[in-house]
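S.K.: Please work from the sequences and hints to get the whole structure.
Chains U and P, in that order, give the protein sequences. Residue numbering for the first sequence follows this note's numbering, starting at 192 and increasing by one per position. Residue numbering for the second sequence follows this note's numbering, starting at 36 and increasing by one per position.
In short, the hints are calculated from the structure, not lab data. Computed from a prediction, not measured in an experiment: that's the story for all the values here. Warning: the hint list may mix true and false statements.
Simulated crosslink set (DSS-like; lysine-lysine; CA at most 25 Å straight-line) [as the list claims (entries may be wrong)]:
1) K505/U / K462/U
2) K634/U / K315/P
3) K456/U / K548/U
4) K100/P / K635/U
5) K109/P / K276/U
6) K655/U / K514/U
7) K39/P / K329/U
8) K456/U / K491/U
9) K360/U / K456/U
10) K655/U / K634/U
11) K630/U / K505/U
12) K80/P / K329/U
13) K597/U / K551/U
14) K276/U / K462/U
15) K462/U / K630/U
16) K505/U / K632/U
17) K109/P / K80/P
18) K630/U / K485/U
19) K634/U / K256/P
20) K276/U / K634/U
21) K632/U / K276/U
22) K276/U / K464/U
23) K632/U / K315/P
24) K671/U / K100/P
25) K192/P / K109/P
26) K634/U / K505/U
27) K80/P / K360/U
28) K635/U / K315/P
29) K630/U / K276/U
30) K430/U / K360/U
31) K597/U / K256/P
32) K485/U / K655/U
33) K477/U / K551/U
The calculated label-pair distances, taken between Cβ atoms and stated as ranges, are [unchecked claim]:
34) A316/U / R103/P: 52 to 58 Å
35) R103/P / T588/U: 32 to 38 Å
36) E260/P / T313/U: 52 to 58 Å
37) E611/U / E260/P: 25 to 31 Å
38) P110/P / M364/U: 35 to 41 Å
39) K505/U / G189/P: 33 to 39 Å
40) G218/P / Y323/U: 28 to 34 Å
Cβ coordinates follow ideal geometry from the N, Cα and C atoms, glycine included.
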Amino acid sequence: MATTITIDPITRIEGHMKIEATVENGVVQDARCSGTLFRGFEIILQGRDPRDAQRITQRVCGVCPAIHGTASTLNLDSAFGIADKVPDNGRIMRNLILGANYLQSHILHFYHLTALDYVDVTAVADYSGDDYDMNAVKDFIARGELAPFTPRYEGDYRFDRQTNQVLVKHYLMALEMRRLAHEMLTLFGGKMPHNASVVPGGVTEHPSVDKITGFLWRLNKIRNFIDTIYIPDVINVAKTYPDYFEIGGGPGNFLSYGVFDLDGKNPDYSKRKRLFQQGAVAGLSKLTPLDTDKITESVKHSWYADVEPRHPLKEDTKPEARKTEGYSWIRSPRYGGEVYEVGPLARWVVAYFSGNKQVKNTIDTVTGDLKIQIGALNSVLGRHAARALDAKVVADTMADWVLELKPGEPVCTVYEIPDEAEGMGIVDGPRGALGHWIKIKDKKIERYQLVVPTTWNGSPKDDKEQPGPMEQALLGTRVKDSENPYELVRIARSFDPCLACSVHTISLKGERIASIRVV
Amino acid sequence: MSSKVVEIPAVYIAGSACSGCSVSLLNAINPSIQNLLVDPIVPGKHVSLKFHATIMAGQGEPVIKVLRETAKAKPNGYVLIIDGSIPTGEDGLYCRLGETDGEEVTMKQMASELSRDALAVLAVGTCASFGGIPSGDPNPTGAVSVQDFLKSEGIDKPIINIPGCPPHPDWMIGTIADILINGLPTADKLDEAGRPRAFFGTLIHDNCPRRAFFDAGQFAKNPSEPGCLYQIGCKGPVTYADCPIRLWNNGTNWCIGSGAQCIGCVEPDFHDRLAPMFEKIDEDGLEKFKIKTRS
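M.R.: What follows is the structure, given as structure tokens:
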């Protein structure tokens, strides 16, 4: 008999999300992901000064504002006709600002959003060492009020007591590391969350020796943490929960817009030279060049009036809250009509098939050490591993970039806002492929559209009834205990969902939202 | 020692938010977020954070039950922290927090329910304090601030606004510590916008390191140029916050420090009446600034 497991809210993610899984004989037969918060950013942007989009779209998400800041400035640069005129200092500081937030986002995700699925904090109750922080946690547990670490799912904490204690210590250390990453960012970005200095044309901050050194030495601490703690901890989880290499596989198609401009000469972002390459890999075999014309969004199972799948620049969203076929406010972006996963794993698969030597050597080493095939990376653990390696490559590379800054040279170029223009900003963020599109009329925003990583990964079924990547990852999963369905939340969290980002396009005008409950 | 610690329950719920306020809270240093979670922040008093969707271990129905159990266990004895504005359109269905017993619970419903029995409500961030970005024209979801929402629900509770997009962690933790040490703030401790004067008492403009350029009439004409940023849209002359003195992210920098205009993110007028962000403030704004500095 089929039963429905509803997990609402999914916590330890960004934002408001719900999962429903229909389980028959212990196996997930159908899965639905829904976002449950709507703000309407694109409606709010209409009619405003185009430059304000850079500030406003950062406020889509407080975990990953730097990537929205990047995508929106690339978008405005292209609309203003200055995409190839950003000075090198500006390009490099943008990379450092974005890269620093990659580090804070990935560290935050593994330790503070994910680890509590695998690590038992209560193991600190009989800690016997003399570490100040650990004894503070021990005192906390002894007082008996365990919130917010309980309630929780029970039944699958596999580490021994001592390893749990070490991992709790790392959780605490990681709080400081992610904070340091924000400090690195603000040396050039002004403040975080929501940085101030990235603008069309470049960056308003000027590099100086003290900022460069301050950045480098914070980075050194974080690099040491990634090498000696973060990556070993991910490997430890992989060895203790090896079955999670076997579940949570997505569609097996991977899309990346590439990220970190290595030069600013090519105004076409889909062909620009980047640290991680642009492209699409279908079925873990063949790389094809990125073609943004192939991006369309289906609304068949979203609460919008039915239209054929359309390119983001041509979308005209009409909500239809009572639509019976709808079960999500997230739309369904597809590439060439097919389901594609985005994120660190996708970025690494695309870079691997693009012949990126650093990525290829790293993947070959890791899969060799863990004695797995590359296909096993299409899994819960594969996503965590890719994210950790992503952090390492970005951190190591930034140590070179920061020394390329040239104090005293230009950081920004001047521009005029055109009367009419179209723009596109595409770039991979910590969570994957992010696109911003703009149409300017009378020097104002006529239309602004975002297609965000979690819109790809968290999308509902499309016009061809193909489930979204996260839904596909849930399908076929064996749930051992329906009261504690930890498999489902571990799969969902491996995508690092960002719901505030994914649901932003709503323009309701008086229709009542139907409360759909499928049993 | 542990027997002397009093547990003060708090619940943190987010409506039309971006998690930026929570992430900013993670940037706290002395005390750190770790201290806030596990240690008595002032001697003998520990804030027991019963619900925070981004931090808590649990999920699903059990955590929604925690919200109600907290309110029931200690009426008028817990602190409600609200992040994000409250979407009131479509009967609150724009933001749903979760489900219990097969019923979806909206932010609107839960904010109302939990406010009634709270000791006090902290509105964290500009969205909760004044409506913020989601309430921007044409306000597609009917998003309102906590104070406007409670008024419309007929709920009379002490509200403290801690605005900022996001707020500085010191503003959030400082306000909590003040309550633990001195009790709820008396009226004179808050300004007319309900903000603690300790953090929002002075104009950015009055403490700005670029103020001398303003007085000398030396203005930047383009982004990244030296000089006062007033002509290219700085809202420092109408914005009350201690950013120039406190600085951000462990003192590394702040908006104007990085050459960027202040966008006035702590103000009730943010972001509609302070737009466009990169254009000089209008005469009304200027007038307001003159009146305030004279008083």
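S.K.: Could you run down the list of hints and mark each one as holding or not?
M.R.: Structure-based check of each hint:
This hinted pair checks out: K505/U and K462/U have alpha carbons roughly 23 Å apart, not beyond 25 Å. Restraint check for K634/U and K315/P: satisfied, since their Cα atoms lie roughly 17 Å apart, inside the 25 Å limit. Of the pairs offered as hints, the one joining K456/U and K548/U holds, with about 23 Å between alpha carbons and a cut-off of 25 Å not exceeded. The suggested pairing of K100/P with K635/U is violated, with an alpha-carbon distance near 47 Å, which exceeds 25 Å.
Of the supplied pair hints, the one linking K109/P and K276/U is violated, its CA atoms being roughly 61 Å apart against a limit of 25 Å. Restraint check for K655/U and K514/U: satisfied, since their Cα atoms lie roughly 17 Å apart, inside the 25 Å limit. At roughly 16 Å between alpha-carbon atoms, K39/P and K329/U fall within 25 Å of each other, so this suggested pair holds. Distance hint between K456/U and K491/U is unfulfilled; the C-alpha atoms sit about 40 Å from each other, more than 25 Å.
A threshold of 25 Å between alpha carbons decides the hint, and for K360/U with K456/U the separation of about 45 Å lies outside it, so the pair is violated. A distance of roughly 39 Å separates the Cα atoms of K655/U and K634/U; the hinted pair therefore is violated under the 25 Å criterion. In summary, the hint linking K630/U to K505/U is supported, as the alpha carbons are separated by about 10 Å, within the 25 Å threshold. Between K80/P and K329/U, the direct Cα distance comes to roughly 17 Å. Compliance with the 25 Å bound is thereby established for this hinted pair.
For the suggested pair K597/U and K551/U, the alpha carbons sit about 32 Å apart, so the restraint of at most 25 Å is broken. Distance hint between K276/U and K462/U is fulfilled; the C-alpha atoms sit about 16 Å from each other, no more than 25 Å. Taken as a hint, the K462/U and K630/U pair is honoured in the structure, with Cα atoms around 22 Å apart against an allowance of 25 Å. At roughly 15 Å between alpha-carbon atoms, K505/U and K632/U fall within 25 Å of each other, so this suggested pair holds.
Note on K109/P and K80/P: the hinted pairing holds, with a Cα-Cα distance of about 16 Å set against a maximum of 25 Å. With a C-alpha separation of about 19 Å, the suggested pair K630/U and K485/U falls inside the 25 Å cut-off, and the hint holds. For the proposed pair K634/U and K256/P, the alpha carbon gap of about 19 Å is at most 25 Å, so the pair holds. Taking the CA atoms of K276/U and K634/U, the gap is about 21 Å. The hint holds against a cut of 25 Å.
For the given pair, K632/U sits about 23 Å from K276/U by alpha-carbon distance, which is consistent with the 25 Å threshold. Between the alpha carbons of K276/U and K464/U the distance comes to roughly 15 Å, so the proposed pair stays at or under 25 Å and holds. Between K632/U and K315/P the CA atoms are separated by roughly 22 Å; this keeps the pair inside 25 Å, and the hint holds. Of the pairs offered as hints, the one joining K671/U and K100/P holds, with about 24 Å between alpha carbons and a cut-off of 25 Å not exceeded.
A hinted pair counts as satisfied when its Cα atoms are at most 25 Å apart, and K192/P with K109/P qualifies at roughly 16 Å. With a CA separation close to 19 Å, the supplied pair K634/U and K505/U stays within the 25 Å bound. The hinted pair formed by K80/P and K360/U meets the criterion: a straight-line CA distance of about 24 Å does not exceed 25 Å. A distance of roughly 17 Å separates the Cα atoms of K635/U and K315/P; the hinted pair therefore holds under the 25 Å criterion.
The hinted pair formed by K630/U and K276/U meets the criterion: a straight-line CA distance of about 21 Å does not exceed 25 Å. For a cut-off of 25 Å, the pair hint linking K430/U to K360/U stands: about 20 Å separates their Cα positions. Between the alpha carbons of K597/U and K256/P the distance comes to roughly 23 Å, so the proposed pair stays at or under 25 Å and holds. Between K485/U and K655/U the alpha-carbon distance is near 16 Å, which keeps this suggested pair within the 25 Å criterion.
A distance of roughly 15 Å separates the Cα atoms of K477/U and K551/U; the hinted pair therefore holds under the 25 Å criterion. Taking the beta carbon of each, A316/U and R103/P are about 28 Å apart, not inside 52 to 58 Å as hinted. At roughly 49 Å, the beta carbons of R103/P and T588/U sit outside the given window of 32 to 38 Å. With their beta carbons about 56 Å apart, E260/P and T313/U fall inside the hinted range of 52 to 58 Å.
Taking the beta carbon of each, E611/U and E260/P are about 28 Å apart, inside 25 to 31 Å as hinted. Under the hint 35 to 41 Å, the C-beta atoms of P110/P and M364/U, about 39 Å apart, fit the expected range. At roughly 47 Å, the beta carbons of K505/U and G189/P sit outside the given window of 33 to 39 Å. Take G218/P and Y323/U: their Cβ atoms lie about 30 Å apart, and the range 28 to 34 Å holds.
Hint compliance for this structure: hints 4, 5, 8, 9, 10, 13, 34, 35, 39 are broken, all remaining hints hold.
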